[in-house]
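**Student:** The chain contents come next:
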Amino acid sequence: MNAPLALAGPAPRPLEGMIVTQGLRAGYGDGPDILHGIDLAVASGEIVTILGPNGCGKSTLLKTIGGFVVPRAGQVLIDARDTTSVPAHLRVREHHVGFVPQTDNVFATLSVAENILLGARFLVASQRRERLAQIMKAYPSLAAKKDRRASALSGGERQLLSIARALIADPAVLLLDEPSAGLSPLMMDEVFDEIVCIRDRTGMTILMVEQNAAQALAISDRAYVLALGRVAIEQRASELLNNPELAGLYLGAH
Amino acid sequence: MSEFALHVATIAALYAMLALSLNLQAGFAGLINFGQIALFGCGTYGAALAFSHALGPLAGFALGLVLVVLVALLFARLGRNLGADYWGIATLSIGEILRTIATNEIDITGGAQGIGGIPALFDTGSPLSGRLILFAVVLAALIATWFAFRRLTQSKFGLSLRLLREEPQLAAAFGYDLDGLRRRIMLAAALPAALSGFLFAHYLTFVGPDQLFASETFVIWTMVVVGGLGSHAGAVIGAIVVQCLFALVPFAKDAFGLPSEFVAAMRLVLIGGGLIGFLLLRPQGLIPERIGGVRG
Amino acid sequence: MIPIIIDIVLRTGDIALAAVALSAGYSLVKFPNIALMQYATVGPFLAYLFASWGAPLVAAALAACIAVGLIAVLLNITVFDRLLKSGSAIAMIGSLAAGMLFTAALLVTAGPDSRHFDFPVEAPLNVFGSPVTGPQLLAVAISLAAFVLLAALLFLTDIGRCMRATATNPDLARATGIDARLVVRVIIFLSGVLAALGGIGIAVKGELNILMGQDLMLPVFAAAILGGLGNPMGAIFGALVIATAETLAATLNFGPLIGKAFLFIPANYITAASFLILVLALLFRPHGLFVNEVKRV
Chain B
228 MNAPLALAGP APRPLEGMIV TQGLRAGYGD GPDILHGIDL AVASGEIVTI LGPNGCGKST
288 LLKTIGGFVV PRAGQVLIDA RDTTSVPAHL RVREHHVGFV PQTDNVFATL SVAENILLGA
348 RFLVASQRRE RLAQIMKAYP SLAAKKDRRA SALSGGERQL LSIARALIAD PAVLLLDEPS
408 AGLSPLMMDE VFDEIVCIRD RTGMTILMVE QNAAQALAIS DRAYVLALGR VAIEQRASEL
468 LNNPELAGLY LGAH
Chain F
31 MSEFALHVAT IAALYAMLAL SLNLQAGFAG LINFGQIALF GCGTYGAALA FSHALGPLAG
91 FALGLVLVVL VALLFARLGR NLGADYWGIA TLSIGEILRT IATNEIDITG GAQGIGGIPA
151 LFDTGSPLSG RLILFAVVLA ALIATWFAFR RLTQSKFGLS LRLLREEPQL AAAFGYDLDG
211 LRRRIMLAAA LPAALSGFLF AHYLTFVGPD QLFASETFVI WTMVVVGGLG SHAGAVIGAI
271 VVQCLFALVP FAKDAFGLPS EFVAAMRLVL IGGGLIGFLL LRPQGLIPER IGGVRG
Chain E
8 MIPIIIDIVL RTGDIALAAV ALSAGYSLVK FPNIALMQYA TVGPFLAYLF ASWGAPLVAA
68 ALAACIAVGL IAVLLNITVF DRLLKSGSAI AMIGSLAAGM LFTAALLVTA GPDSRHFDFP
128 VEAPLNVFGS PVTGPQLLAV AISLAAFVLL AALLFLTDIG RCMRATATNP DLARATGIDA
188 RLVVRVIIFL SGVLAALGGI GIAVKGELNI LMGQDLMLPV FAAAILGGLG NPMGAIFGAL
248 VIATAETLAA TLNFGPLIGK AFLFIPANYI TAASFLILVL ALLFRPHGLF VNEVKRV
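Protein chains in written order, with the working numbering: chain B, 228 to 481; chain F, 31 to 326; chain E, 8 to 304.
Treat each hint with caution, since some may be false.
Only some residues are given here: those of chain F computed to face chain E with a beta carbon under 10 angstroms [as the list claims (entries may be wrong)]: (1) ASP115; (2) ILE124; (3) PRO289.
FYI, nobody ran anything at the bench for these hints, they're computed from the structure. Where a beta carbon is used, it is the ideal one built from N, C-alpha and C, also for glycine.
Using the sequences and the hints given, assemble the complete structure.
**Tutor:** Shown next as structure tokens:
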């Protein structure tokens with residue numbers, strides 16, 4: 228295993244940014260550690276992608292940042308505030324974290340409008356109405372189906388609905404777990420375009436996990452590549468595509 | 031006093047057979063049978079109906095077997111598309127339906143009055159020696175069941191039982207015939223349950239629907255959980271422990287001058303408390319299941 | 008015809024509240040909670056106790072429902088949540104055992120005798136030519152009010168939306184900022200309240216005794232399973248089906264079907280009607296009348 232390239236150095240500097248993890252170790256139940264000390268930082272307004280082969284821990288990392296996995300060691304800081312022991316639902320409310328899970332990411336038995344409104348339930352009524360109107364304007368395809376059950380939506384529409392549900396609370400940080408999973412190529416483009424659009428519109432900090440490296444890097448500022456629960460590469464997205472080591476990691480030839 | 035001890039020992043051994051049977055289903059195969067007492071009832075009513083039609087005990091045993099095979103196959107069929115908890119409710123309902131039939135078909139079953147006067151199996155002139163011989167037979171039946179079930183669960187069949195309990199979908203993917211497996215388990219478990227009922231009928235000389243209340247099934251459940259789900263020795267020891275505690279309740283009532291409701295309440299506390307206490311604090315029971323006891 | 012309909016409505020009221028409670032609890036805590044049947048017994052006994060201390064009936068009933076709701080939450084935290092980690096069947100056995108402990112407690116404190124609430128004896132009212140007593144009307148009114156309130160809660164309020172969301176997808180609920188644990192507790196509290204209210208409804212128009220819960224169990228399970236466990240509104244429909252089947256089995260003359268003048272199902276078999284429906288439902292529609300898929304294994 229190679230030493231992490233960019234972070235290798237004599238004295239690790241304290242990380243700064245909207246999302247910071249330091250020495251994060253985590254795993255499930257009694258099982259072994261899946262993350263072996265992850266240091267990561269995402270600056271405000273940045274789009275950062277976490278890549279890596281299956282089983283490298285990228286989804287676990289995102290879930291730990293979202294509060295769904297309690298780390299065994301290390302810290303998670305959101306906007307410089309320690310949230311390590313804050314439960315997931317309070318991270319959403321009090322630390323302005325939006326989370327879009329990979330699969331099962333809508334409330335299938337609820338209507339489209341109810342799905343979106345649930346994301347805003349802790350806003351005051353006037354604010355909620357205003358935000359709902361904005362969201363409905365931004366996503367006319369959802370607005371057209373607002374009274375339909377979410378289970379009736381297509382895969383792409385569900386992804387947009389899940390994003391809309393997270394956005395209505397106006398989060399500072401948006402975490403996306405494989406937003407392109409299971410989508411047709413056309414829908415994929417639409418979702419990635421939408422992610423850029425959100426950042427440009429709101430200046431939101433976006434961290435996503437992706438399998439689809441080429442398309443994700445095309446819209447990202449920076450990327451982390453995980454291997455076996457450690458950061459193997461941290462690089463500017465535009466440079467990473469030409470990094471020969473990336474292919475090696477995916478092929479297991481490192 | 032020694033006669034009372036013999037009585038407790040005989041009942042405990044009969045219940046131990048029921049506990050072994052339930053443990054094979056629930057402990058090894060994960061089949062949550064809440065109608066176990068119906069299998070027992072097939073044996074009791076087999077004996078009673080043969081007697082009331084002036085047939086010998088052998089015919090009674092045969093009748094009990096026929097009944098229990100039918101009920102066991104029905105249980106197994108219901109298990110085909112039900113999860114464990116749903117199956118428990120289904121077996122409970124069938125047990126209650128059968129009890130309703132036993133209570134209401136007065137012309138055949140004697141209704142709520144039941145059928146009395148069933149002769150002892152061994153008429154030696156002195157009732158005590160007859161009961162001693164019956165106890166020996168019950169004990170032999172218990173040991174034979176124990177031995178047979180141990181061989182069964184140590185064989186490859188035992189491995190497939192546990193696979194059915196732990197990973198049914200995986201078992202199906204491996205090509206196990208789950209329906210057939212369930213059928214075989216239910217048949218294997220039903221035989222000693224019916225035998226226990228048959229011997230019980232001839233021991234008590236009376237058979238009635240009140241012996242088939244669903245609460246009796248949960249007495250057997252307590253025995254299995256206290257002893258240790260998935261352990262044959264545990265089932266037998268659980269049966270002995272619970273029966274001995276039950277036998278002590280009337281003494282406690284007399285000693286402390288408690289009202290008669292106390293006996294019923296105390297039985298409920300022993301069953302319910304035993305179940306909850308062990309499930310929460312010692313889920314593996316007194317004698318934990320041995321891991322990997324399969325000889326291939 | 009009218010007396011049959013009245014009988015069906017009354018019987019539906021008996022079964023439906025406990026069935027709704029069972030289904031609502033199951034929607035978030037995935038095991039069939041048998042102890043609910045005992046909540047339906049403890050509820051009227053507590054109400055009776057509070058009333059005997061001089062509380063007006065409505066206040067006594069309300070206090071009893073709240074007390075049972077709290078007991079339900081407490082039992083869930085201390086017992087069922089822990090047992091559920093070993094599987095739904097184990098939790099179900101635990102709930103059955105808890106039910107036995109309730110029965111034992113009632114046996115020792117209240118005794119095995121039946122009681123009934125004190126109502127001034129009045130002439131029955133005339134409903135479309137059939138006599139209906141005041142307490143019977145009261146019981147039906149209690150059920151109807153409970154259903155309307157529950158439906159309003161589930162579909163018109165924020166907490167109701169959170170309940171439905173958490174039942175559909177607990178992980179996503181947390182990701183949406185919903186305190187899933189709190190929602191679970193609220194719904195468990197509600198299921199205790201509904202079961203107690205159902206028991207009180209039965210007790211005001213008849214009597215209360217410690218076997219009420221046991222008698223309720225299989226009809227309630229049949230209703231909840233027919234409606235689809237986890238679907239509280241479906242449970243009301245399931246209760247209607249069971250009540251209709253029981254009432255028709257009791258009153259219809261099946262003689263013409265087999266060419267005889269008269270054939271009535273013996274009264275003692277009528278309770279078995281719901282058991283039979285339950286077995287048939289489990290054989291053919293284990294996930295309720297409204298769901299088409301059949302889950303294997």
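**Student:** So, for every hint listed, does it hold in this structure?
**Tutor:** Each hint tested on the structure:
A cut of 10 angstroms between beta carbons decides the hint on ASP115 (chain F): the least distance to chain E is about 5 angstroms, and the hint holds. Restraint check, ILE124 (chain F) versus chain E: the minimum CB separation of about 6 angstroms is within 10 angstroms; hint holds. Annotation: PRO289 (chain F) was flagged as interfacial toward chain E, and the flag holds, the nearest CB pair being 8 angstroms apart, inside 10 angstroms.
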